[in-house]
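Visitor: For chain B, the structure is supplied; the task is to place chain S on it using the hints.
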Amino acid sequence: MGGGLLLSDLFRETAEKSFEDKLNLFMETLIGSSKIDSSESITVVNPIGDPRFFQPYSGWYWQINEGSQTLVRSRSMWDQVLTLDKRLIGGRAQFLDPNLQNKKNKKVISSQKLKILQREISFPGFDNPLTFMVSGDTDEFEKNILAFNNILIISLVILGMGLLISVYLQVKYGLLPLQKIKNSLFKIRNGDAIKLEDNYPTEVSPLAKEINILLEHNEKIVERAKTHVGNLAHALKTPLTIISNHVDEKKDKDIKPQIDLINKNIDRYLNKARSSTKVKIIKSKVKIDNHVEKIASIFQKIHPNKNIKVIVKDKNLLIPGSSDDLDEILGNLLENACKWTKKLVEIKVQRFSKNLVKFTISDDGPGLPEHKRAEVFARGFRLDEQTPGTGLGLNIVKDTVEQYSGKVWLTKSNFGGLTVNLLMPLSV
Amino acid sequence: MRILVVEDDPNLNKQVKNALEDNGYSVDIALDGEEGHFLGDTEPYDAVVLDLGLPKIDGLTVLENWRKENKKFPVLILTARDRWSEKVNGFDAGADDYVTKPFQMEELLARLRALIRRSAGHATSDIECGPLKIDTKLNKVFINGTKLKLTSHEYKIIEYFLHHQDKVISRTELTEHIYDQDFDRDSNTIEVFIGRLRKKIGNNMIKTERGYGYRLSLDE
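Chains as they are written, first to last, in our numbering: chain B, 1 to 428; chain S, 1001 to 1220.
Next comes chain B alone, as it looks inside the complex:
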C-alpha cells in the first residue's frame, strides 16, 4: 500500500517535471521568436509550431503583456486574455498554481485547469518590462497520472491476491509436515505408534529426530525408574526373607506380623508407583487374547493336575494401558483361583458392551459367603494363614483396575466356587 502511494507520487512528480520542462521549452521558443519593431511594438515572427496553440480553447496558450495591456496572444486564446498575476517577482520564470489562476480568468479559460509560466523581460523601447506567459492544460498529465494510478492499483491488487494465495498455499502445503508430526504425536500418545516415521522433508526432519530422541529418552527414564524400583524391592526383600526365617514364631510372636506388614507396604506402594506413571503419560494398547493365553499357560505349567480352561469369545480385543498391568491383574486373580480350586479354573473373556470387556475367572473351590466378598479386597486381608501368600493380591488387583476406571466384584461361580468378575474399558 505504502509502496503504491510512493510509486504514484514519484510518477506524479516526474510527469509534472516533464510538463514544466515542456512549458519552459515553449517559453524559450516564444522569447526567441519575438521581435521588437522600431515602432515599439512586438511581433512574434515565428510562433510556436505546436498545433494546439492554434486550436481554440485548447488550454495551450501564450500571451505577451506590457503591464496589464495585452500586446500579442496565441490564436488558441480566441477572444480571451490571461490575467496577469500580481505575485510575479523579478525576471524569473514562475509556475503559477493552476487552482489560484482559475478564479481570476474568465469563462472558458477559467474552466480549464491551466498551468501558467510567466517571465518578465525588459526590452529597450518599452517603459515597462514585458510579461511573457505560456500555459498548458494540466489535464494532459493528470490523465496520464490517472491512467498510471489505475494500472498501479490493478497490478497491486493482483499482486496482493497473488501474495495471499501463495501465503495460503505455503501455510497449507508448507506446514503439512508439521501437521503430519502432530498426527503422529497423537498416534504415539494414543498407543498406535512408538516413534515418528523418518520420511520428513529436510526442514522439519531435525525436529522429528529431536522428538524421537526425546521419546526414547522418556522411555529410558521410565525403564530406569522401573529397574530402580525393582532393585529396591530386591534390596529390601532379600534381608526380609532372612529375618523372617530366623524368627522363632513361638518366641517372637510380634515380629512376624511386622515383617508381613513391611512386605505388604513395599508391595502396595511399589505397585502404585509403577502402574500409575505409565497409564497417564502415554497410552499403549494391549491385545487381551495373547496375555490371557500366556498367563493361563504359565499356571497350567505350575499346576499340571488342575484344568485351566480359557474361553475367548471375542478375539482381538484391545485395552488401553500397559501389558504389565494386565499381567498383574490376571496373574493375581489366577494365583488366587489356582490356590483355592479343586480341579477346574475357567477364564472367560467377552465383549460386555461397545466400550467394555468382561473377564470372569471361576473356580470350583470352597467359594466365599456373600458377606465376606467385599472384605477380601481390603488391604492385607487373608482368608487363610496356612496357604502361602501375602494377602495382598486382590487389593493390588482392585487398585490397578480402578486406575483404568474398571470394576471388579465377586459372585458365586457355576462350578460351586467363586467367580471374579472384571469389567475393563476397551481401547478406542
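Just so you know, these hints were derived from the structure itself, not from any lab.
Don't take each hint at face value.
[What the hints assert, rightly or not] Once the Cα atoms are required to be at most 30 Å apart in a straight line, the calculated DSSO-like pairs of lysine-lysine come out as: (1) B:K398 to B:K294; (2) B:K294 to S:K1068; (3) B:K256 to S:K1014; (4) B:K306 to S:K1071; (5) B:K17 to B:K113; (6) S:K1017 to B:K250; (7) B:K272 to B:K372; (8) B:K256 to B:K226.
Guide: Coordinates of chain S only, in the frame set by chain B:
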C-alpha cells in the same frame, strides 16, 4: 537329589542350603550369575533355585542361556520383583515355578518338591513302586506300609531310583546326583549303599544291568 542354589546374598544362600540339606538334598551353591551358569552347565542337577537379581550375569540371562544350551533341569525362580510381568518374563526364559521374596522355607521346599516330582512325571507327593512307597514331603520310605530306617545317603539313592523308575542308572549318574560338588566321591561306596538297600527292601527290586548300572523295577 542334587540341587543348585544361585543366590547372591550369602546369608540367604546359607539358609536355603541348610534347609535343603536338612530335607535330604545335596546342595551346591553359587553367589553370582557367572558361577551359577557355569555350575548349571557342567553338573547334572535335579533342580535349580535361581535368584533373578544376580551380580555379573542376571538370573534371566543365565536361565535363557541354560535353555539355549538345552539344559532341561527344572528351575525355580526367586523373585523380589513381585510384579507379574517379571514372572512372565521368567517363565518366558524357561522357569518352571516361582517363589516371591520374602518367603518361608516351608513354601520353598514344597514348591521344589513339587517341581522335582513334576519333572519326573509324578503328580502326587507320594511315589510308589510295588510295595515300595516314598513320601517326599516327610522324607520317609515305606515298604508294605512299614517305615524303613535309612541313612541319609541311602534315602537319597532310593529317592532317585523311585523318581526314575524302570530307567537304567549308571554309577556315575548316581554319584553325581547324590553328592554335592565338594564331596569326596568314590563310586565304590555306591555298591556298598546298593547292597545295604537290597537287604532292606528285598534283593530283586534293584537290578544290576551289567556294564551299564542299576535299575529299579517290579518286573523279573
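Visitor: Of all the hints given earlier, name the ones this structure violates by number, lowest first.
Guide: The structure conflicts with no hint, since it agrees with every one listed earlier.
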